[in-house]
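Engineer: One line per chain: the protein sequences are A and B, in this order. Per my numbering, the very first residue in the first sequence carries number 1; after that it's consecutive. Per my numbering, the very first residue in the second sequence carries number 1001; after that it's consecutive.
Source of the hints: derived by calculation from the structure; they are not laboratory data.
Here are the computed lysine-lysine pairs in the DSS-like style, where the Cα-Cα straight-line distance is at most 30 Å:
| # | chain 1 | residue 1 | chain 2 | residue 2 |
| --- | --- | --- | --- | --- |
| 1 | A | Lys188 | B | Lys1256 |
| 2 | A | Lys120 | B | Lys1256 |
| 3 | B | Lys1153 | B | Lys1270 |
| 4 | B | Lys1153 | B | Lys1114 |
| 5 | A | Lys153 | A | Lys65 |
| 6 | B | Lys1114 | B | Lys1269 |
| 7 | A | Lys120 | B | Lys1269 |
| 8 | A | Lys2 | A | Lys281 |
| 9 | A | Lys270 | B | Lys1188 |
| 10 | A | Lys188 | B | Lys1255 |
| 11 | B | Lys1270 | A | Lys114 |
Chain B stretches covered by chain A per the calculated footprint, using a threshold of three residues with CB under 8 Å from any CB of chain A:
| # | region |
| --- | --- |
| 12 | 1106-1115 |
| 13 | 1120-1133 |
| 14 | 1173-1184 |
| 15 | 1201-1212 |
| 16 | 1236-1242 |
| 17 | 1259-1267 |
If we take Cβ atoms under 10 Å as the criterion, some of the chain A residues that face chain B in the derived model are:
| # | residue |
| --- | --- |
| 18 | Met111 |
| 19 | Phe203 |
| 20 | Ala245 |
All of these numbers come straight from a predicted model, not from anything done at the bench. Just so it is clear, CB atoms sit at the ideal spot from N, CA and C, and this is done for glycine as well.
Number of protein chains: 2
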Amino acid sequence: MKICVAGLGIIGGSVCMSLKRAGYAVDGYDISQLPPTYALNNGIIDNVASEFHKYDIVFVAMPFKATVDFILNNGFKDGAIVSDICGVKKPIENAVSKSARNFNYVGCHPMAGKEVSGIKNACADLFDGRSMVITSNKDTDPAALDTVRALTKDMGFGYIVECSAETHDRKIAYTSQLAHVVSNAYVKDVDLDDCLGFTGGSFQDMTRIAGVDEAVWATLYLENAENLNEKISSLISSLAEIRDAISSGNEEELKKILARGRVLFDGSKKINGKKDIFVQKLR
Amino acid sequence: MKICVAGLGIIGGSVCMSLKRAGYAVDGYDISQLPPTYALNNGIIDNVASEFHKYDIVFVAMPFKATVDFILNNGFKDGAIVSDICGVKKPIENAVSKSARNFNYVGCHPMAGKEVSGIKNACADLFDGRSMVITSNKDTDPAALDTVRALTKDMGFGYIVECSAETHDRKIAYTSQLAHVVSNAYVKDVDLDDCLGFTGGSFQDMTRIAGVDEAVWATLYLENAENLNEKISSLISSLAEIRDAISSGNEEELKKILARGRVLFDGSKKINGKKDIFVQKLR
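The following block holds chain A by itself, in its conformation from the complex:
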C-alpha cells in the first residue's frame, strides 16, 4: 500500500510519523520546499512525492482552500483513497462530489493539535489515545472506509467517531470553533493589560488558543458560518442570562442557573455514541 501525505505541517508531519512508527512507508509533499527537505532529513518521510497518481492513499493535510484545490487539480489512481483532515467537512464533500471522480473520498478530522504549527512541532504520538472523526455518506466506498479505519487505529488513535459531514460540522462548531472564537474575544478586554499576576490557571485556559493563525480560522468559520453563528448566539444568550441574574441580585436564581451548568457538565463526561454518531473505542 503506497501512502502519500500532501501538506507537511504539524498534522501532516504527525500523520507521517505515526504511520512510520506503525511500520508503513510514507512519501510526502508540500507546496513549500523546506518542509519536505526537513522531513526527508529527519526520517519523517521516505521520499518526496510528486506523481500523486502512483499512490493507493493520499492524505491531504492542507488548509481548507488548498485542500480543495489539491484534490480537484490533481489526478489520482483509479480507486485510490483520497482523504483530508480539514476542520469543516460538508464543503469539502460538496466540492469533491461535484467533480467527476475516479477515486474514493473519505473525510477525516483528527481531534488533536497544538497551539503551535509547522513540521518541526510534529510528533509520532500526537494522535495517541485521541479521537479521529471519519465522515461518510451513502456514496462512500465501504472498503475505502475500512482502510481508513485500519490506518486510524495504526496511527495510535484511541477512538473512531463516525458521522455525516453535516453532523461533524455542527458538533465541531461547538467544541472547537466556538472555543477559538471565545478565546480570541476574551483577550479584548481593557483589563488584559497587567492581568497575569491575577490568575491561577482559568485565564490561561480561556486564552490558550487566542493567538492561532487568523487566515486558517477565518476560512473555517466562514465555511461553517451558519452552525458557528448559532453557537455564538447560544453562548451569548447563556452569558446574558447569568449577567441578568447578577444584575437582579437574586442569589437563589443565580445559584439555580449556575447549578444547571454544573449538572449538564457532570453529565457530559463520557464519550458516547448514539443517534447519528457511531463511536468505536480502539484501545
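With chain A held as given, fit chain B onto it using these hints.
Structural biologist: Just chain B now, kept in the frame of chain A:
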C-alpha cells in the same frame, strides 16, 4: 509567631502545609469537626485552635460570608494580623474597616486552586511559583504588610502582586470570575450531548471549571456584580463583533478582527507591574 488557619478546605489546608513545610508551627480551626480531625491526624496542623485571641496571625480561609462573620464575631489579640483569602476584597475591607478593631487586616488572594475542594486535596506545593495578591490601603499597618509578604515568600509563592482592593476586584472579575461564568455558560448548548468525540482539548479548556460550587461562586459574583457584569458585557460585544463579521462573509474584515486578538494576546504574556499594580518576583 503563633499562627492559626481558620477554615480547613483545600486553600486553608494548603496554607497550613506550605507553612509547616517552611518550618512554622500552625494551628487550625474549622466550623465542621471532620477537617480539623483529618488535619491533626495527617500532620497538617499541630493543634486544633479555638481561642483565636492567642494568635499573632490568623489566616481566614472560608467562603465570603463566613469570612466576614468570623472576623467580626471573634476577638483577636491587640495588633494581631488577620488576613483572608477571599476572591473579592473590597466588600471584606469595607466590612472589616467598619468594625472598631484592635487588629491589623491585610487582604490576600492566592492565585492557585483546583477544580476540586476539601482538605484531602490540599497540598504543600499548591502555591509554588504562583502569584499572591496582597491588598492594602492607606490605613494598612506597614509592619503587618511586611509580615504577610514574608509568609507569602515562605509559602512558596513565586510572585507578590500588591494593589488596592478595588484594583484586585476589577482584575479578578476579568481573569477569574468571567472565566467561570464563560465555562458555566459554555456547557448550555444543545450540542453538549455526545460532543466529547469531537474535541482535542479546546473544549476541555473552556469547560474545566463549569462544575464549580455554585453557592461559593454566586456570592462572589454578587459581591463583585458591577465589575463582573462590565466584563460579561465586554465579552458579549467582542463575540457579537466576530459573529457579525462571519455573517457578513467579509473574510478580510474577519481576519482583521481575529488578528487584533492574536496581537493583544501575544503582547500580554509577561507579568508586569505598572500603574496601580506592584509586582515583586520572589524566585
